[in-house]
Amino acid sequence: MMVTVQRSGGFAGLTRTWQVDVDAEPDTESWLVLLELVPWSDAPTPTQPVQPDRFVWVISAETTPAKKAKLPEQQVTGPWRELVDRVREVSDAERAADGHGTRPDSHAPGREG
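Take the sequence shown: its position 64, counting from 1, is numbered 64 in the working numbering, and each next residue is one higher.
Hints in this document: simulated from the structure, not taken from any laboratory. Misleading hints may appear alongside valid ones.
[Unchecked claim] Have a look at the derived ranges for each label pair, beta carbon to beta carbon:
{"id": "1", "residue 1": "P39", "residue 2": "A12", "range": "15 to 21 angstroms"}
{"id": "2", "residue 1": "F11", "residue 2": "S41", "range": "16 to 22 angstroms"}
{"id": "3", "residue 1": "A96", "residue 2": "T28", "range": "20 to 26 angstroms"}
{"id": "4", "residue 1": "R81", "residue 2": "L32", "range": "14 to 20 angstroms"}
{"id": "5", "residue 1": "D53", "residue 2": "P26", "range": "26 to 32 angstroms"}
For every residue, glycine included, the Cβ atom is placed at its ideal position computed from N, Cα and C.
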């Protein structure tokens, strides 16, 4: 199951994407527990205004049914923050191990950021 975190906006307006194949991780069970803790149904509606020059996060999980949320930066707290940080950390570590680095211009083919 893929978990994807995408960050866009900010002052420069750049988009970065991080992905983790949870099934390929040695601690799959802890990922599943974290995904259950995330309040998917309480995510804000897309009609809420986004503050200028702040990040917007799109977080998705290929579960059944699929889960997806779009959050302004200031609402990425609690389990959301834990999931975002964990996906970014694991994805960046995998890119570095593959020799692709973590800079936006040195990503693996098929991945942004």
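task = Provide an ascending list of the numbers of those earlier hints which the structure does not satisfy.
result = Those not satisfied are hints 1, 2, 5.
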